[in-house]
Structures are given as structure tokens and as C-alpha cells.
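Visitor: Here the protein sequences come in this chain order: A and B. As numbered in our numbering, residues 1 to 275 make up the first sequence, in order. As numbered in our numbering, residues 1001 to 1112 make up the second sequence, in order.
Note that these hints are calculated values from the structure, not bench results. Be aware that a few hints might be false.
[Unchecked claim] The calculated DSBU-like cross-link candidates involving lysine-lysine, where the alpha carbons are at most 35 Å apart (straight line), are:
#, chain 1, residue 1, chain 2, residue 2
1, A, Lys60, B, Lys1004
2, A, Lys21, A, Lys116
3, B, Lys1034, A, Lys116
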Amino acid sequence: MLASEIHTPRDLGSLLSLMQKNPEALILAGGTDILREQGMRTVNFPPVVIAVHEIPEMGKLILTERFLEIGACVTLAELETYNPAAMQPALISSIRGIATLPIRNLATIGGNIASKLRFMDLWPVLACLDSLVEIRNSSGARWININRFSDDVGAPSIPQEIVLTRLRIPLERWDVNVVVKVGQADYPTSDSAVFVVTARIGKGIVNDFHLVMAGEHCFRSRELESAVIGRKLPIPEHEMHLLANEYRAQYGSSAGSVRAGMGRLPELAFKMLAR
Amino acid sequence: MNGKLVPSCLVPAYLARGAEIITSEGLLAEEEGKDIAAAFADSGLYTCGFCLSAKLMITADLLRREGHPRDDVILENLGSTNCRCTDPESMLRAVNRAAEYRAQRIYNRAGK
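The shape of chain B in the complex, shown without the other chains (with noise of 0.2 Å):
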């Protein structure tokens, strides 16, 4: 919501007037979605399917803030979310694949 992350089931209608709100399905239809996506699936993430949504925007909000945060870091803001379907080590390897994919697709974009 403008930008910033926020947990959904705890933003009252009156505070979403006029906001700018960016769903889980609009990161997924930009390169910046698409790449975490990849990442996961090229790292053999599977989640449980309700989390996936969490899992993604708060990877995309950590590398925008942070383009390769350590994995202290990650895990933190991974904390977010509470589900146990994955364990530490496959998300940190698919949250940094992903900070890989971005520094390419950033690179690459710089190039052109």
C-alpha cells in the first residue's frame, strides 16, 4: 500500500481510500514478480499454497529495499510469516537466487 508492505487482514477500509494498493497478482504480472517466481521454482521451493502470496511480497519489498540482504536479514522479514511449510535453508536459498536474478535483470536493463 503506497509502497510499503502491510498486512492486508489489518488495514481498515478507510485507511485503503485513495491508496496506491499492489497485490500479490500485480507483482506477478511485472519482471520483478516474475523473476522471484523463478527463483523459487528454480530453487525446488514448494509452499503450502497460503502462504506463496506472503512469502513473495515480502521477498520483493526486501530486495527493493535491499538489493542483497544477509541472511539474518532475510529471515527476519521472513518472519513475517509464520508458516512452517518450508524450512530456513530452501528460502534463504531461494530469496538470494532471487537477489541474483534481480542484479542481472538490473544489470542487463543498464546495459541496454
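Pulled out of the complex, with its shape left as it was, chain A reads as follows (with noise of 0.2 Å):
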């Protein structure tokens, strides 16, 4: 079934106008997520598609002191050559990662963090770098801690009805930036996921620690998180195989795709801390 209209909005109010009228509107932008999961000879889309790649305000990167504000249709070849001043290493390696080039200048970020059947490359990167996310619709606008898009059993979870238009990543550098991916390279399945680890260092002491796993779920653990904080560096091998089984503990009885393939990740992480 061919899409029977296609709207192009050129502003917000416009975009949300149509929002209100089309509940059920598929939003796309570069489109390449909803197009990759189509396995069809013909591509099947709902009766009404909203594209927002026309939206001036979604499209813009603005550097303030603070932080780096990325429209959610800035495309991933134009993050990834962005003043690398201002762009965290753990984003610029996994934007990296992230298919090919041609798909890279089709890609926008908001595309891969808003997708609904998984958690794609970005989403862990920018879970653990604190990133929030502006969500709009006809009642206005509010910023969330992407975190938050996560339901209790880890799955992905976007609120109903709204559209993601900005990003914000605090600027604060991170002293260790470790991005690792795991699964089959070229597509996303079931065992694939990404390990990300973000940490400080201060005098040879943990001063923060982030860890986020995401794949079709996702798993991080706030708990585990302030159990590494304040440890002096380098952590005791014993010390590190406990903080390792404690993770995988809590993330074994989470789903599939964050418990497959992690292996002996946890104890990399730690070790890349004394590095």
C-alpha cells in the first residue's frame, strides 16, 4: 500500500498542526530505519507521512559553553565531521561504526534514537553522556533525560504522539570514553548490542562512572554505577571479577540481546579505568 500523502512541513507549528490532525502519521526523516525494516519489493506506508527534514530548527548545530544542541534531522556525516573540539570521542567512534558513509548522509540522529524496536548505536552513547532530549507537540515542549526512554523491563519506550526535535550533550570531557559493539558487524540482530563506558579520573581515583548496554533492551544500573565511585585506581583484579559478576547478575535477568555476547566486557571496562 503506497503512502496516499506525504507532507512537508516548514516549521514547528506547522509540523505539530499536522500531528494533531494525524495521530496515527508515521514521522519520517531520512527514512533509512523505516526503510530497512521494510522486506518487501514495495515499500508499505501508512496513509499519511510527516517529512521533517525540511524544518529549519530541527536541522541546526548550535555550540553553546555548555553544551552541543543537535536538531534531530542534523545527519550523522555532518556529526561526524562537526568541530571535533566539541564532540564528545565516544559519539564521533560510534557514529563511526554506524553503516556507510552514503547511509551516514542520509541517517539523522533523531532517526536512531527514536527508533521503536530497538535501541540503535546512539542511544547508549548518549544515554551515558547524560544527553537530553526536547519532545513537542501541541500541548509544547519539554526537555527529558534520554534515559527516560526506556520502560522497566529495558525495552524502548517513546512517548505516544510527540516528535523529537533537539538534542543537548553537555560539553564536560570524559577521561575514559570506551565504545565497544558486539553482535554480527554489518546488521542489527538480536545478539547485537553496544557497551559503553565513560568515566573520570582524579588522582588515580574514580571521580564518576557511567556503563550503559543497549540492544533490543537496555540495561544500566545507577547502583553498580556508585559502587565504582570512589575506588582508588588500579582496581584489584578480585575486586574487579566481583564488580564484573555483579553486573552480570543484575543484567542476566534482563532480555536477550544486552546478556548475550557481553562476555567479559564488565572487566574490560574496569580495566580500561587504570589506563
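Build the complex: two chains, separate frames, hints provided.
Guide: Shown next as C-alpha cells:
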């Protein structure tokens, strides 16, 4: 079935008005995730599609003193080549591992984090960096922490009938930035996931520590992160194994992809702290 | 599309509306494309025919961005096409030759 109506609003007001009149509309920017999901010879769009790629506010990159603000329609290729001093190393590393350059020229950061079926590669990085996302509907706009895009069991959970318009990534630097992709290299499967660690070290002590894992489900434990904070480096081997086993015990009860393939990645994270 | 290399199979029609589109045929009509095609031929590169358009477009895009890319960068960019009709060494020879032809063309033009 072909889309019967494709709307291309040129400002946020028109977009929100269209969304209110068509609550079941599909919002598309680059469309790479939607098209990737289509397995048939003809594309199957719902009756109403709203293409947001021509809204100026959603295509901007703004650098302030405290954060980098990114419009949801900024492509991954644009981000990859943006001011390196402003980009978090973990984010650049993750972007470069996504697909190929031609696809990154189409794919948008908003589309990457708005996927409903699984967490794509940038979500765990942005969650580790405690990024904020602006969501809008006809009632107004608000900023929420991207970590709230998951439900109680770690599945993707994006509020209904909203549109992601902008992201804010704090500029504070991290001393340790580790991004590891597990699973099939060229196509996300149920065993694919991304494992991200960021940490701040001061005088040989872990001052801050974030660890996020995400694939079809996500896992993050503030309690376990707190258990690492304050430890002196290097963390003794036996303590490393105890912490890693704590992680495995907790995420072992979560679904599929986060558990599969993680292996000894938690130990890797703790070893990286000492480098 | 609008100066960026994109996979046409993933471009929905709504995205192409109002955009500047250059195809491989359009590229080959220009000096830039003719240089690349000549470099491929002069290097003895033979392709299956299905992937040639993609390889030409990728080479043109890469040389515009990086006049003399390193071999690992060339192979990474050509990894966008998965066709195995050509071996990596032959592709490297062809792209490096295309880079030389491009540099010569730019030098000649500057000298005029």
C-alpha cells in the first residue's frame, strides 16, 4: 500500500498542527531505519507520512558554553565532521561504526534514537553522556533525559504522539570513553548490542562512572555505577571480578541481546579505567 | 544528492523533491568522471558491470573530499559496495591512478 499523503511542513507550528490532525501519521526524516525494516519489494507506508527534513530548527547545530545542541534532522555524516573540539569522543567513535558513509549522509540522529523496535547505536552513548532530548506535541515542549526512553524492563519506550526536535549533549569531557559493539557487524540482530563506558578520573580515583549497554533492551544500574565511584585505581583483580559478576547477575535477568555477547566486557571496562 | 553521496535505493521520493541529483551518467559526462573512467581502464580494472556506477561515484566523492586518500581510507569507502568482482589491490591501483589524473587536471587548469 503506497502512502496516500506525504506532508512536508516547513516550520514546527505546521508540523504540530499536522500531528494533531493525524495522530497515526508516520514521522520521517532520512527514513533509513523505516526502510531498513521493510522486507518487501514495495515500500509499505501508512496513509499519512510527515517528512520533517525541511524544518530549519531541526537541522541546526548550535554550540554553547555548556552543551552542543543538535537538531533531530542533523545527519550522522554532518555530526561526524562537526567541530572535533565540541564532539564527545564516544559519540564520534560510535557514529563512525554505523553503516557506511552514503547511509550516514541520509540517516539522522533523531531517527537513530527514535527507533521503536530496538536501541540503535547512538542511544547508549547519549544515555551515558546524560543527554537531554526535546520532545514536542501540541501541548508544548519539554526536555527529558534520554535515559527515560526505556521502560521498567529495559525495552525502548518513546512517548506516544510526540516528535523529537533537538538534543543537548553536555560538553564536559570524560577521561575514559569506551564504545564496544558486539554481534553481527553489518546488520543489527537480536544478539547485537553496544556497550559504553565513560569515566572521570582524578588523582588516581574514579570520580564518576557510567556504564550503559543497549541492543533490543538496555541496561544501566546507577547503584552499580555508585559502587565503582570513589575506588582507587587500579582496581584489584578480585574486586574487578566481583563488580563484573554483580553486573552480570543484574543484567543476566534482563532480556536477550544485552545478556548475549557481553562476555567479559565489564572486566574490560574496569581495566580501561586504569589506562 | 545535494552534493552528498547517497544510496539511491534508500532515498524515498519525498526526500528527492527539489534536490540536485547527479547520477553516474551525469558524472561520466564531466571531466571528473571521464578521468576516473580512464583511470579504471588504464589500470586494467574490469568490473562485473553491476557495481561500476557505485564504484565510480564513490571514487569521485572520495577524491573530492580527500585529494590523495590513504589506502585504508580508500578501502573503507569502497566497502560501501560489497561486490567481490574486483580485488582490493586492483581497486587501490585504479583509485590512486584516478587521484593522479585528478591532480594533473587541477594543475593543468591552474596553469592556464
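Visitor: Hints first: check each against the structure and report whether it holds.
Guide: Hint by hint, here is what the structure shows:
Pair hint A/Lys60 plus B/Lys1004 holds up; C-alpha atoms about 18 Å apart against a cutoff of 35 Å. Between A/Lys21 and A/Lys116, the direct Cα distance comes to roughly 22 Å. Compliance with the 35 Å bound is thereby established for this hinted pair. For the given pair, B/Lys1034 sits about 45 Å from A/Lys116 by alpha-carbon distance, which is inconsistent with the 35 Å threshold.
Checked against the numbered hints given earlier, this structure breaks only hint 3.
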